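Engineer: Sequence:
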Amino acid sequence: MGSWPTVVHGRGRGFLPGAKSLRYFMLQSQAIALYRRVCRCTAPRSLADRALALDIRRQARSEFEANRNVVDEFHMRTLLADGHARLKQLKQCFHLVE
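Using UniProt numbering, the first residue of the sequence shown is number 1, and each one after it goes up by one.
For the record, the hints were derived by calculation from the structure and aren't laboratory data.
Keep in mind that this is a model prediction, so the values were computed, not measured.
Glycine included, each C-beta is placed from N, C-alpha and C at the ideal position.
There could be a bad hint or two in this list.
Ranges between beta-carbon positions, derived for each pair [to be verified]: (1) Arg50 - Leu16: 45 to 53 Å; (2) Pro44 - Pro17: 32 to 40 Å; (3) Ala51 - Ser21: 40 to 48 Å; (4) Cys93 - Ala19: 36 to 44 Å; (5) Ala19 - Arg77: 36 to 44 Å; (6) Ser62 - Gln30: 32 to 40 Å; (7) Arg50 - Gln89: 30 to 38 Å; (8) Asp49 - Phe25: 49 to 57 Å; (9) Gly18 - His95: 40 to 48 Å; (10) His95 - Ser21: 36 to 44 Å.
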């Protein structure tokens, strides 16, 4: 009877080389949740100026799209922290509620 082959995991990666970690997918879902929060806060009904609301949404979308292919987890965490801070600032400036 043979034994199961020993698999050595490296740095939180899966079995396949280049496979993304669970942490990566968790950060990705947090980014999607942040984008949805931005969309809810900048809904035209939330801001008196419809053009301003649409401009903020357009800018947020372009920034999310520009960083879509980021795979470095540290960079993703940094972008998320920056996004949360900017959303908080947006809420304070315009007295928005989710």
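Engineer: Run every hint past the structure and note whether it holds.
Structural biologist: Each hint tested on the structure:
1. Arg50 - Leu16: 45 to 53 Å: holds, 47 Å
2. Pro44 - Pro17: 32 to 40 Å: violated, 47 Å
3. Ala51 - Ser21: 40 to 48 Å: At roughly 41 Å between Cβ atoms, serine 21 and alanine 51 fall inside 40 to 48 Å, so the hint holds.
4. Cys93 - Ala19: 36 to 44 Å: holds, 41 Å
5. Ala19 - Arg77: 36 to 44 Å: At roughly 20 Å between Cβ atoms, arginine 77 and alanine 19 fall outside 36 to 44 Å, so the hint is violated.
6. Ser62 - Gln30: 32 to 40 Å: violated, 19 Å
7. Arg50 - Gln89: 30 to 38 Å: Cβ of arginine 50 to Cβ of glutamine 89: about 21 Å, so the range 30 to 38 Å is violated.
8. Asp49 - Phe25: 49 to 57 Å: violated, 37 Å
9. Gly18 - His95: 40 to 48 Å: Given about 46 Å between the Cβ atoms, the range holds.
10. His95 - Ser21: 36 to 44 Å: Since the Cβ atoms of histidine 95 and serine 21 sit about 39 Å apart, the hinted range of 36 to 44 Å holds.
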